[in-house]
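Novice: Each chain, letter by letter, is given below.
Protein chains: 2
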Amino acid sequence: MIGVDWGTTSFRAFRVGRDGSIRDRRASPRGILAVPDGRFGDTLREEIGPWLALGEDKVLLSGMIGSRQGWKEAPYLPCPAGPADIAGALVDIGFDWAKVKLVPGLSGVDETGVAEVMRGEEAQVVGVPALLRDGGLACLPGTHSKWVRVAGGRITGFTTHMTGEMFSVLRGHTILARMMRDGPSDGAPFDAGLARSAEPGGLLHHLFGIRALTLANRLPETDAPAYLSGLLIGHEVRAALARHPGSVVQVIGAPELTALYARVITACGGYAERHDGEAAAHGLALIAGHADWG
Amino acid sequence: MIGVDWGTTSFRAFRVGRDGSIRDRRASPRGILAVPDGRFGDTLREEIGPWLALGEDKVLLSGMIGSRQGWKEAPYLPCPAGPADIAGALVDIGFDWAKVKLVPGLSGVDETGVAEVMRGEEAQVVGVPALLRDGGLACLPGTHSKWVRVAGGRITGFTTHMTGEMFSVLRGHTILARMMRDGPSDGAPFDAGLARSAEPGGLLHHLFGIRALTLANRLPETDAPAYLSGLLIGHEVRAALARHPGSVVQVIGAPELTALYARVITACGGYAERHDGEAAAHGLALIAGHADWG
Chain A
-16 MIGVDWGTTS FRAFRVGRDG SIRDRRASPR GILAVPDGRF GDTLREEIGP WLALGEDKVL
44 LSGMIGSRQG WKEAPYLPCP AGPADIAGAL VDIGFDWAKV KLVPGLSGVD ETGVAEVMRG
104 EEAQVVGVPA LLRDGGLACL PGTHSKWVRV AGGRITGFTT HMTGEMFSVL RGHTILARMM
164 RDGPSDGAPF DAGLARSAEP GGLLHHLFGI RALTLANRLP ETDAPAYLSG LLIGHEVRAA
224 LARHPGSVVQ VIGAPELTAL YARVITACGG YAERHDGEAA AHGLALIAGH ADWG
Chain B
-16 MIGVDWGTTS FRAFRVGRDG SIRDRRASPR GILAVPDGRF GDTLREEIGP WLALGEDKVL
44 LSGMIGSRQG WKEAPYLPCP AGPADIAGAL VDIGFDWAKV KLVPGLSGVD ETGVAEVMRG
104 EEAQVVGVPA LLRDGGLACL PGTHSKWVRV AGGRITGFTT HMTGEMFSVL RGHTILARMM
164 RDGPSDGAPF DAGLARSAEP GGLLHHLFGI RALTLANRLP ETDAPAYLSG LLIGHEVRAA
224 LARHPGSVVQ VIGAPELTAL YARVITACGG YAERHDGEAA AHGLALIAGH ADWG
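Chains as they are written, first to last, in my numbering: chain A, -16 to 277; chain B, -16 to 277.
Be careful, since some hints might not be right.
Computed spacing ranges between beta-carbons, pair by pair [said to hold, decoys possible]:
#1 B:HIS273 <-> A:HIS227: 53 to 61 Å
#2 A:PHE78 <-> B:ALA181: 44 to 52 Å
#3 A:ALA181 <-> B:ILE158: 27 to 35 Å
#4 B:ALA160 <-> A:ARG6: 40 to 48 Å
#5 B:ALA181 <-> A:ARG8: 44 to 52 Å
#6 B:PRO19 <-> A:HIS227: 51 to 59 Å
#7 B:GLU204 <-> A:ALA237: 27 to 35 Å
#8 A:ARG164 <-> B:VAL92: 24 to 32 Å
#9 A:LEU198 <-> B:SER11: 26 to 34 Å
#10 A:THR95 <-> B:ALA98: 29 to 37 Å
#11 A:GLU204 <-> B:SER11: 33 to 41 Å
#12 A:PRO58 <-> B:SER11: 50 to 58 Å
#13 A:THR126 <-> B:PRO203: 23 to 31 Å
#14 B:PRO183 <-> A:LEU35: 45 to 53 Å
Honestly, the hints are just simulated from the structure, not real lab data. Idealized CB from N, CA, C, for every residue including glycine.
Pulled out of the complex, with its shape left as it was, chain A reads as follows (with noise of 0.2 Å):
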């Protein structure tokens, strides 16, 4: 089968055999924003042509593909939901040259009953064999990062934080932007900001504390926005491990993001084991396996 993570600003595709291995992947910076005209269906052959002529025919999407700007809607299904509650409610894709379908996206509440909605990332997470058989927390680090519950093999919620486009913001628009300078994401002071992050204020003092700390040339403008990054991490990590002390978390994302996070889990008290992105292949070549394709 083919899987496709297909999201608002990258398409991944990933050719998967019979025995669950990866057989060939493809990235392109073809996210939905970028194909013109709602040409979905050209784009996803020019992508993946060459595999279809291998006789590769089920094809299975996922992402804001899914999402009324995408190719087509594919309504939220409820939490809780695995693999075989996603195979069930596959949207398909009326095309003539293989058979195209689309995960849904999956809505559930937080940990206090507040509604919360996703799309993509129940593919990456149903990848993850030790959170289907064991149940426990996963962890997708990014613009707005989500927090996942699972239990008996299905996703019961989720919880999301603000935390990559707060980053984007303070870092781009806000008094903090003149003290910063591009420079490295990681090392002391990342650090010193994810320590910053456990004492007492609140995320808005701290926040402030990048000005008096750069006015008084404790914090050169290049180790500045790695502080801002320990920070605001060290912020959503501790709130999301709160009811979960202890936990493992299985942390799904590019290698970069997904290190920084595992050392703020350990600083945290928690146990961090990571993966990549190809979660979405093994999430989508399982859910495939449950699908009827007629």
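Once you have looked at the hints, place chain B on chain A.
Specialist: Just chain B now, kept in the frame of chain A:
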């Protein structure tokens, strides 16, 4: 004497009698950013000239006018500092038509020992008699809210929160901007945001909830700004009061803002007394009374 609270974007002047009563007042948008080519002297004379003609010759300026971007830099005075200490650190403006002096800003530390600075708020704080007499906590809400600790007639330290700036940047530059239209700043949505700030999950998660609530049609776009305001002020006040449970807080500022903060302080278990911006006039007169005018 004449007291002037001269900030980045506003100019407010007071003519204060020997008995401390305010005899006249002026306000204009001629903050330091609106004064071209460093013509601070001309601007001041245009604003308060009629009072000088009445025989006033002592002029005390506080706020960003004493910063590097202002008329002349008045170095920060370290805390603890009271009216007499501040009066002993005034900086003269060499000028022919009146005795003009600058109030220094204060430097201090927050409750975890991290450096902080303020410029302008010190004059307002010492203008509240209850604070000098009994000590306690002052809150000056705004772009960068200050929480100021007073003991033994002197300012001992303070803590800044980026609340107002965070509101602007979230309102203008994030995914939440699309979820909001201008509406009333107070009322039930404000209270809903305030209540949310008491729940677990952390600010970075609570902010994203605005998207979920509007998508679920549970928060009208015109109510979202008030909800965001209640959420942010709730997080600020909860963090600021954490070490001062049950405190009386002297809230100083524009009436619409002090009303919101007083409501939040009460909801968080504190007690609020409100003061308008004329505290600056009383503080400047008090400092002037301790000063050596030659």
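Novice: Now look at each hint and say whether the structure bears it out.
Specialist: Results for each hint:
1. B:HIS273 <-> A:HIS227: 53 to 61 Å: holds (56 Å)
2. A:PHE78 <-> B:ALA181: 44 to 52 Å: holds (50 Å)
3. A:ALA181 <-> B:ILE158: 27 to 35 Å: Check passed, 28 Å falls within 27 to 35 Å.
4. B:ALA160 <-> A:ARG6: 40 to 48 Å: Taking Cβ atoms as reference, B:ALA160 and A:ARG6 lie about 43 Å apart, which means the hint holds.
5. B:ALA181 <-> A:ARG8: 44 to 52 Å: Holds: the Cβ-Cβ distance is about 46 Å, inside 44 to 52 Å.
6. B:PRO19 <-> A:HIS227: 51 to 59 Å: holds (58 Å)
7. B:GLU204 <-> A:ALA237: 27 to 35 Å: holds (34 Å)
8. A:ARG164 <-> B:VAL92: 24 to 32 Å: holds (26 Å)
9. A:LEU198 <-> B:SER11: 26 to 34 Å: holds (29 Å)
10. A:THR95 <-> B:ALA98: 29 to 37 Å: Cβ of A:THR95 to Cβ of B:ALA98: about 36 Å, so the range 29 to 37 Å holds.
11. A:GLU204 <-> B:SER11: 33 to 41 Å: holds (35 Å)
12. A:PRO58 <-> B:SER11: 50 to 58 Å: holds (57 Å)
13. A:THR126 <-> B:PRO203: 23 to 31 Å: holds (25 Å)
14. B:PRO183 <-> A:LEU35: 45 to 53 Å: At 49 Å between Cβs, range holds.
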